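Protein sequences appear in the order of chains C, Y and E. Residue numbers 1 to 299, in the numbering used here, belong to the letters of the first sequence in order. Residue numbers 1001 to 1357, in the numbering used here, belong to the letters of the second sequence in order. Residue numbers 2001 to 2323, in the numbering used here, belong to the letters of the third sequence in order.
Hints are computed from structural coordinates only; laboratory data are not their basis. Wrong hints could be hidden among the right ones.
Stated by the list, open to error - Below 20 Å or equal to it, Euclidean Cα-Cα: the simulated SDA-like pairs (lysine to any residue) are:
| no. | chain 1 | residue 1 | chain 2 | residue 2 |
| --- | --- | --- | --- | --- |
| 1 | Y | K1053 | E | L2111 |
| 2 | E | K2319 | Y | N1014 |
| 3 | Y | K1100 | Y | A1165 |
| 4 | C | K116 | E | L2111 |
| 5 | E | K2276 | C | L216 |
| 6 | E | K2276 | C | V94 |
| 7 | Y | K1176 | Y | K1274 |
| 8 | Y | K1053 | C | G114 |
| 9 | Y | K1270 | Y | E1284 |
| 10 | E | K2272 | E | W2028 |
| 11 | Y | K1276 | Y | D1260 |
| 12 | C | K213 | C | V94 |
| 13 | C | K213 | Y | K1276 |
| 14 | Y | K1053 | Y | V1015 |
| 15 | E | K2085 | E | Q2316 |
| 16 | E | K2319 | E | L2306 |
| 17 | E | K2319 | Y | Q1081 |
| 18 | E | K2319 | Y | Y1086 |
| 19 | C | K116 | E | S2059 |
| 20 | Y | K1106 | C | T238 |
| 21 | E | K2203 | E | Q2316 |
| 22 | Y | K1100 | Y | Q1081 |
| 23 | Y | K1242 | Y | K1274 |
| 24 | C | K116 | E | T2262 |
| 25 | Y | K1102 | C | M189 |
| 26 | C | K146 | C | T238 |
| 27 | Y | K1242 | Y | V1194 |
| 28 | C | K116 | E | T2237 |
| 29 | Y | K1100 | C | L253 |
| 30 | C | K116 | E | P2258 |
| 31 | E | K2276 | C | T238 |
| 32 | Y | K1276 | Y | I1313 |
| 33 | Y | K1242 | Y | L1261 |
| 34 | Y | K1102 | Y | Q1081 |
| 35 | Y | K1100 | C | V94 |
| 36 | Y | K1053 | C | M189 |
| 37 | E | K2272 | C | I209 |
| 38 | Y | K1176 | Y | D1218 |
| 39 | Y | K1210 | Y | H1088 |
| 40 | E | K2319 | C | T238 |
Here the structure is a predicted model, which is why all the values come from computation and not from measurement.
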Amino acid sequence: MAATTFETGTPVGVRRLLGRALPYVVLVVSISPIVLGYAWLVIATFSYRTEGLFPIDAEGNIGGWTLRNWEFLTDPAIWRVTLNSFVLAVGMVVGVGFVSSMAAYSLSRMNFSGRKGFLSLTLILHAFPSVTLLIAIFFVLNFLSKIPGIGSGFGYNTVGGVALVMISLDLPLGIWLMKGFFDNLSWDMERAALIDGASRFRVWWEIIIPLIKPGLAALAIFNFLSGWSAFLIPFTFTVGTRVANLPVYMRQLISDTAPTNWNMIAAVGMFQLIPVLIFFVFTQEMLLSVYAGGAKGGT
Amino acid sequence: MKVELENLTKRWGNVVGADSMNLDIQDAEFAAFLGPSGCGKTTTLLMVAGIYKPTEGHIRFDGQVVNQVAPKDRHIGMVFQSYALYPHMSVFQNISYPLKLKKVPKDEMQKRAQRVADMMGIGHLMERKPAQLSGGQQQRVALGRALVKEPQLLLFDEPLSNLDARLRLSMRGEIKRLQMELGITSIYVTHDQVEAMTMADRVAVMKDGKLQTYASPDELYDRPSTLFIGGFVGNPPMNLLKVEVSRENGDFHARREGLDLVVPPDRGEKAAGKGKVILGIRPEDLTLAERGTGGEIYVVEPLGRDDLINVRIGEASVHVLADPALGLRIGQSVRLEFNTRKVQFFDPATEQSLLWA
Amino acid sequence: MAEAVMGREVARRPPSRWVQLKATLGAWGFMSPAAVLVLVFFFLPVIILFVISLTDLSSSNFSDPLTFVALDNYLRLFRDRFFPKILGNTLFYVALTLSCFNVGMALVLALLTTHISRRVGFFFRLIWLLPRITPSVIYILMWRRIAHQPPFGLINQLLGPFGVEPQYWLFEHPWLFVIMVNGFVGASFGLILFSSAIEAIPKDLITAAKVDGASTWQIIRDITLPQIRWPLLFVTTYQTLSLLTSFEYILLLTEGGPGLYTTEVWALTAYKRALKTYFGHNQWGYGAAWGFVLVIIGIAMSIIYLRVFRFGELVQEPKIDVL
C-alpha cells in the first residue's frame, strides 16, 4: 500500500515527506478527543476543579492538587455498588460462559432434531437489536418477582434479575462465538474419547472445554467488561442504591448533586475504570479480536 | 472377534459414503480397507466403531447385531491418523483414560498403563505431554491407549500416514507383529497399497463407496478381478492397452497397431472374439530384449535401483523397468519382450476381469 | 446358528425409536439452559410487546384489567405532533453517524492504519477501541466536559487561541456531539473488520498494481475497495440496525434535548414513554407501540442478513452420529 515509496518520477522532497507524514497527522488528530477525554479525567481526579485541562486551586490559579475527590471511598454505599457491579460482571462471565458453551457444543457437535432451527434462530437473534425488547422484559421481570423463591433473587429490582436479563441478551453472541471455536476442534479427538468410553457430557467437560480455554477466556473478558460497565439494563430495572451498580450510581451522582461535583464524579469514574484499563493494557490482542469476533464468530 | 458387514450403507442426503458393503472378517484376522481418498473406507470404519450410524444394513460382532450399541460398549480400540491424543493430558493420563472411565482401581490402572507403555517402548515418557513427543512416540501412545482396555477389535485409520518414510517402515512391522502376538481382530484403513499388501491377511479394495473385492494380497496382485484393482494395486502401476484378441491357427493373438502378442491359450481363449478388450501387463513383466515388439523411448525416470522407461509403441505407451547400467536415452529404439503368461484381460465396458470374474 | 438367528431378530426391529429419542433429549439437555433463556427473554417479550401495544396499559391503570384499544396506539403514534420531528431526527442521526463515522471514518482509519507500520497501526486501532470499552457513563462524562461551557470546556480552551468564540458547545450544537459520541464508539467495529480484511488481501495483487504504475488512490479504488466489499456491506447493514435501535448514549448525553425533542430519536421515544417518564407516568401501551415498530424492522433486517451473508453456509454437519 505504501505507493508513495514506489514513485518512479523525480522525487519531490516536500511532497514525499508530506505523503509520509499525512497518515500519522490524520490518525493523531482523529484520536485527540479520546486522549483529551482521558487526560481530563485523570487531571480532574486529583484537583479541586478544572478549567479545560488545567487544575485550578481555590484562588483561581493553576495548581491545587488534592486527594479530596477520593473521599467517596469511605462511603459504605460505594462498596455496596462496587460489589453489585462485581457480582454482575462475574455473573455474566459464569452465566454466559457456561450456558453458551453448552449450547454451542451441542449445536456444533451433535446431531439432533431441532439443531438447524435453533442455529438459524441464534443467527437471527445475533443480529437482532435486543434493546428494543426492554419494555417487554420489564413485564417479564415483574412477573418473575411474583414467583415465590425466584422472585426475591431474580425479579425486578434485584441484581440477579439484571444479571439474568444481561446474560440472556448476550447469549446469541456468546453461542455464535463459542460455536466458532468448537467448529475448529478435531473430530478424531472426540471420537477417540467416545470409543474410550466417555459420555458426551464427559467429552465436553474433560476433553473439549480444556481445549477451548483461549476462547472461553476471550468470552470471559468480553462479558466481564460488559457486566462491569453495564448501564442501560441496571438503570432500567433497578431503583435506589441497594441494587445499583457503579455506572448507575455515577449517573445518580451526576443528576442528583447540584451543582454537580465533577471532580468527585471523575474520581468515581477513575475508580470504575481500573479493571477496564487493566484488561486494556494486558489483553489487547484478545480485545481486538473479540470485539470484531461478534461479526463472524470464533477465531 | 468375528466381524460381519451386511449390506452396510451410509448416506448423507444424496451423498453416498458407503454403498451396500458385504464383508466377513474372521477372528484374529488382519483386514485392510484400501482405496483412494473419498472411497468410503473411513466412513465404513467409523460405522464399525459406532461413531456413524448406518443408513441401512447391519454390523455383527460374533453374530450379534451391534448397530445400536454405543462405541464404548463395543470393546474396540481405535488409532487415528492425527493420533487424536488429548493435548492437555500427560502420556500416562492419555493411556489410562479408558481405564479411568471404566472406574478401574487406581493401582491396577497404574499397572496396566505401565505394562502397555513398556510394551510400546514409551514407559519412560509417562509424565510428558503429547506436544513434547515425536510423531513416532505419539503414534505409540495412541496405540497404547487403544490397547490398554484389551479390546476385541482394533481399528486403524491411516495411522502411519503422518510419519516419515523410515519410521513408517518400522512401525508397519511393529503393528503387524503386535497384532499377530495379541491375536486381536484388526481393521486397517489405508490409501497406501504397500501398507495394505504387506500387513493384511486380506485386503478389501474400495472405490466410490463400493467394495471392489476382498481377497488376499497375492490374489489381488496376480488375479485382479476388476480393471480398477489391476490399475490401483502394484507400483509402478500396470500397463493397460486396448487390443483385439483372435484365434489364428490354434494360437491366440492380441493385436493392436505396432503390437502382436501370442498369449497362452487359457488366457487368450477368454478374451477372444470379444472385440476390443483391455490388456494389462505389469512393468516388471516386460523386459528389454534383442527381439520382440519395437518401440521408441519417450521418457527415462531414474528410480535408483531401476530406471522406469516409458516406451512408445505406435500410439500407445508402456512403462518398463530397466537396469540403469544400460544407460538408455530418450529417442532410442528398443525392443520389448512380454511375459505373456502374466497378461490380464478386462472388459472395457464393465471393467470386470475376463479371466477371474 | 442360534446366535445368528438371534442377531437376525434384533436386526428386523425398526431402528429403535428410544435410541433416537434419547439422542435428541441428550442434546437438548445441553441446549436447555440457553433455550429457556431465549424463550423467556426473546420470544416471550416479542409477544408481550405486541399484546401491550394493543392496550392502554399505563402506570395509572396498572392494577386494572387490560383494556384493548386495537390499533389506537399506532394511530396515535402517527398523529403525534412530534412524529415528523422524531422520524426526521432518527433518519438524520442514522444516516450521518453511519456515513461519517461507522463506515466512513472506519474505512479511512482502516486504510491509514494498514498503510503505516504494523505496530503503529495496531496501536492506533487499540486507542480507537477505548471508547467502546469505556463504561458509557464515564465516556459521556468526558464528552460533556469536552463540550462544556466556558471556562470549563476543553474545546473552548483549545480553540480559544485561534479566535473561536467560547460557547456551550453541547447546547449550541447538540447534533454534532450526538453524532460524534456515537460515531467514536461505532467506528471501531468497522475499523477492526476492515483492517483485517485489508490485511488479508494478497500482497501480490498490490505489488502487481504498483508494477503496472497505479497510484495510491487508484490502488484503493481498483483493488482494496472491491476486495473488501463484503465487510463493507456487512458493517453498513449491521450498524444501520444497531444505530436505529440504540439510544443509551443519547439518553446519557442529552436525554433527547436540549429543548423539546431536539435530539430525540425513535428508540429513545419508545423507552422514555414506556419506562422513564419525567413525571412517573409510564405509558406502557403507547411506548410499546413505538418499540414494536422497531422490533418488526429488527426481525426483518436480521432475516435479510442471514440470507444475504449466507451465514447458513458456515454451519457444518456434525461428524459424529451417536450420543
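Hints and how they fare:
1. Y:K1053 <-> E:L2111: Outside the cut-off at roughly 51 Å; violated.
2. E:K2319 <-> Y:N1014: At roughly 16 Å apart (the allowed maximum being 20 Å), N1014 (chain Y) and K2319 (chain E) satisfy the hint.
3. Y:K1100 <-> Y:A1165: violated, 35 Å
4. C:K116 <-> E:L2111: violated, 38 Å
5. E:K2276 <-> C:L216: With a Cα-Cα distance of about 36 Å, the restraint between K2276 (chain E) and L216 (chain C) is violated, given a limit of 20 Å.
6. E:K2276 <-> C:V94: Judged against 20 Å, a Cα distance of about 31 Å means the pair is violated.
7. Y:K1176 <-> Y:K1274: violated, 44 Å
8. Y:K1053 <-> C:G114: holds, 19 Å
9. Y:K1270 <-> Y:E1284: violated, 23 Å
10. E:K2272 <-> E:W2028: Distance of about 39 Å is beyond 20 Å: violated.
11. Y:K1276 <-> Y:D1260: Given that 20 Å is the threshold and the Cα spacing comes to 14 Å, the pair holds.
12. C:K213 <-> C:V94: Roughly 14 Å between the alpha carbons, so the hint for K213 (chain C) and V94 (chain C) holds.
13. C:K213 <-> Y:K1276: violated, 64 Å
14. Y:K1053 <-> Y:V1015: holds, 15 Å
15. E:K2085 <-> E:Q2316: Measuring from Cα to Cα gives roughly 47 Å; hence the hint is violated.
16. E:K2319 <-> E:L2306: Roughly 24 Å between the alpha carbons, so the hint for K2319 (chain E) and L2306 (chain E) is violated.
17. E:K2319 <-> Y:Q1081: Satisfied, since the Cα-Cα distance of roughly 16 Å is no more than 20 Å.
18. E:K2319 <-> Y:Y1086: Status holds; Cα separation ~18 Å.
19. C:K116 <-> E:S2059: violated, 42 Å
20. Y:K1106 <-> C:T238: violated, 53 Å
21. E:K2203 <-> E:Q2316: violated, 30 Å
22. Y:K1100 <-> Y:Q1081: Violated. K1100 (chain Y) to Q1081 (chain Y) sits at ~24 Å, over the 20 Å cutoff.
23. Y:K1242 <-> Y:K1274: holds, 12 Å
24. C:K116 <-> E:T2262: violated, 45 Å
25. Y:K1102 <-> C:M189: holds, 18 Å
26. C:K146 <-> C:T238: Holds, at about 16 Å.
27. Y:K1242 <-> Y:V1194: Distance ~27 Å between K1242 (chain Y) and V1194 (chain Y) Cα, so the pair is violated.
28. C:K116 <-> E:T2237: violated, 24 Å
29. Y:K1100 <-> C:L253: Violated - the C-alpha atoms of L253 (chain C) and K1100 (chain Y) are around 58 Å apart, more than 20 Å.
30. C:K116 <-> E:P2258: violated, 48 Å
31. E:K2276 <-> C:T238: Holds. K2276 (chain E) to T238 (chain C) sits at ~12 Å (cutoff 20 Å).
32. Y:K1276 <-> Y:I1313: holds, 17 Å
33. Y:K1242 <-> Y:L1261: holds, 13 Å
34. Y:K1102 <-> Y:Q1081: It is violated: about 25 Å lies between the C-alpha atoms, which goes past 20 Å.
35. Y:K1100 <-> C:V94: violated, 28 Å
36. Y:K1053 <-> C:M189: holds, 18 Å
37. E:K2272 <-> C:I209: violated, 43 Å
38. Y:K1176 <-> Y:D1218: holds, 17 Å
39. Y:K1210 <-> Y:H1088: violated, 39 Å
40. E:K2319 <-> C:T238: violated, 46 Å
When held up to the earlier numbered hints, the structure conflicts with 1, 3, 4, 5, 6, 7, 9, 10, 13, 15, 16, 19, 20, 21, 22, 24, 27, 28, 29, 30, 34, 35, 37, 39 and 40 and fits the remainder.
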